[in-house]
Amino acid sequence: MAIGSTLKDLFRDYRFTVAFIVLLFLVGLAIASFFSPYDPTIWYYAPRDLKPSNEYILGTDSRGQDIFWQATFAIRNSLIISVVAGLISRIIAVAVGLVAGYQGGRTDRVLMFISDGFLVIPLFLILVMLAMLIRDKMNIFNTGLLLAVFGWAWDARVLRAQVLSLREREFTKTAVLSGTPTLELVFKEYMPYITPLAFSTLINNMSWAIGMEMTLSIIGLTNMDIPTLGTNLKWALNYQAILMRRWNWILTPVVLSVLLFIALYWLSISISEYLDPRTRVQRVGGE
Amino acid sequence: MKQKDVVLRTENLKAHYVLDVPGGQKVVRAVDGVDLQIRRNEIYGIAGESGCGKSTLMKTLYAWINRPLRLVNGSVLYTKDGQEFDVYAVSKQELRRLRWQFIAYVPQGAMSIFNPVVKIKDTYQDFLSSHLRGKTVEEMFDIAKEHIEQLGLPASILEAYPHQLSGGMRQRVAIALAALLRPSVIFADEPTTALDVVVQRGVVQLLKDIQERLHNTIILVTHDMGVHANVTDRLAIMYAGRVIEEAATVEIFKKPLHPYTQFLINSLPQFGDTGERVSAPGQPPSLANLPSGCAFHPRCPKAMPICKQKVPESIVMGEHRVACWLHAEGGEAEHAANS
Amino acid sequence: MQPILETRNLTKVFHRGSLLARDRIVAVDNVTFSMQRGEVFTLAGESGCGKTTTARMILGFEQPTSGEIIYGKGEERWHPRVWFSQRIQAVFQNPFETFNPLRKVEGYLFETVNHYKLASSKAEAEELINSKLEAVGLSYGEVAGRYPSEFSGGQLQRISIARSLLVDPSVLIADEPVSMVDASIRMSIVNLFRRLRDELDMGILYITHDLATAYYLGGQIAIMFRGNTMEMGPVQEVLTNPRHPYTQLLRESIPEADPEKKWRGRISIAETEQEEYLREGCKFAGRCPQVMEICKKQVPELVDVDGVQVKCHLYVDRGSVHEEVS
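Chains as they are written, first to last, in this note's numbering: chain W, 1 to 287; chain P, 1001 to 1339; chain L, 2001 to 2326.
Treat the hints as calculated values from the structure; they're not laboratory data. Computed from a predicted structure; not experimentally measured. Accuracy of the hints is not assured; some may be wrong.
Stated by the list, open to error - A short, non-exhaustive set of chain L residues, derived as facing chain W with CB atoms under 7 angstroms: (1) F2099; (2) N2100; (3) Y2108.
The beta carbon of each residue, even a glycine, is placed where N, CA and C say it ideally should be.
Please put together the full structure from these sequences, using the hints given.
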């Protein structure tokens, strides 16, 4: 099948391979959270501020929790937030981009007006305001949803631009002359072009969502009871982990998030380069 | 023919594309053993259908080889001021100096020469300033204006943006730009493709004017035989990466020797003649998968056993060169015996 | 004979420029012609003369600013596109762009059969597709399961023609069908059009700037320049005896594949396309070797001269003014 050979080709790029392994590791950690012997919402179940040992792999923090198992929950929740945000924003972006691009005219103008509105609104202020108002009611899904609502506008334009250029290509005319109704045309003809674009923007959007969540956490605007990469970091900062040189506590979320960002970035560019036929050709035929 | 008449020559030139495909590598033999001797003060045409390798040949002669294209064999020797040198042996700096001042190249679809966000005059000035020192902006503008007007183009185009000009006009402006620094060799790659007859005539007229003015060499690559008939002095026919026939243009049209050339000439509709015209049977071969021996043998009505086995050498008959076993010693006889 | 396709005063105006300084470009200016079955009608002219815009309007890809397109027995235009596409089909210039490179070519063939309900089972559909492919010199076996990149330009063009033949159209619009096809295969495709015209009694609207193939196909011809029909009539007459200075220029500029017949004289193209479109009076006045003062101010009438219609001030008093069809 095409997938098999595609994967084989992708793995030739070291960036994809490394990113894949790192992500596999991180997802593994997230899955491990289901087997955690400790409940992350309970404090002081372990002695505080212990160094890494056989019993507590990464030691414990100032709240009496095992750092390792806390981290597994953190990565799980952060990934869920980013996946929710990414997927929902893709669905909105694709729908808006396709309709605006193909229909043109008034529909296009209205949709782009709305989309531009979302781009122009000072996102941060809105998020801060919302977060302040409904902080306690926020769970990971709501956070993902909130980020999705603000993450679709840019890519809707990108997808629309692609549709605009596809509309002018001759095979669109061939499809029309073959009697293809509009909806079917857009799906059958344009999807193969849209999907790679949507996919690479998905990964970028996921990165953005994680970063946004961490930022909001640091400022103290998310629900601190839910362990995420951001809240873990915030708790560590609250307890002066840097001053007290509790490296195991503060560095865990930092290292994990750095790994996650690099992996997502490398995944994104290796796939984009793979899909772009020009760079593919250039990679070969070298010395 | 005296050696000092030659401005460009190659021997057994080969340039291949090495491509990555699922399942390994694919080698496209775009230029597969080309011998050329191009002279001063002539318009030399290279004809052939799409996929015969002529554009790649151009790029190879101009030393514009980028991955995945590789120079596999042979050298490209130019003669400048009586000295012969290999364009692949010079330093990058020297090559940059040579380009546009000694050799100029007008690529297919000349639109790509122009920066779309600046006016034409800015591109011209940019050009001039990187090759001439000590001129002010006004002086360069005047040089550009005079050059354009001498070639019959309206001066108003200097103030326009590339997208405001029609395809044909852009092409002519690009050719004028190539001739700006009076190069000794100008390569024109399909300058008339996708242009209609009147504009095409304008482009060809421009090339002729430039050649008459500068007495230089113009190497014109196009598949349009009508254009070749109108402007070239000598013509080479390319098929599957090799030059299969070369002679004075008048000779090629009056007495084509290679069966492929014969098909090519005979299939062109002559005006006023509505008799049925026949094209060559079959399809041109893929350069990644060439037939054995002579690449034309699968389609050739006069093919002989030897054509399948050995690649024909170039047989020289005075000024007429052809790569076909029919014209080798005893070739005609063998063909008669076989048929 | 009842024409199969007619246009009357078909006009299309584009506005270029910003809110403050808009130019009015009349891309197609009152074009009137009629086509018969079993005949080739050529729309010839330079790129930018309005011939492609005319075709797009006939196919419904562009809305005319004014004028009519009448098909068959006088039915008005602007029926739903599907109905129209069953009578009028098209083949385009770039064979490599005609099909989506990411889809198999047969997809379009089956879609056409399904959308127009031309067969009731897959086997029947395959048979129909095969018969049309054979009509253009190919077969279903050669085409099945393959992507556009696996075919040559000539083959793709044939497949495109086969696709349009599936609905048994009465009119085929061919927009520069051979300009991007190799010279050695070009004639086989042009011969295919000849056969379609003769065997299927099809009306072919042939759009080109290659007058040699237009002559070869016979029929009628309309020479267009910057949106206007400059000369119109039987192709033999118009091309061997050109009356309009532009037709004469076109005729002379065809490069003969014969070094003994090179171009004589020079031409000058000193205006940009936009400037020519914005001219008052005759659009050709900037280039015309026989230009008069009146040409720069007034658009000439279309007059009938010996069976050929010419739009030129040189003929205004000679011929009879072309009667408007009422």
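Okay, the hints, checked on the actual structure:
1. F2099: Because about 5 angstroms separates F2099/L from the closest Cβ in chain W, which is inside the 7 angstroms limit, the hint holds.
2. N2100: This interface hint holds because 4 angstroms falls under the 7 angstroms limit.
3. Y2108: At 5 angstroms from the nearest chain W Cβ, Y2108/L passes the 7 angstroms test, so the hint holds.
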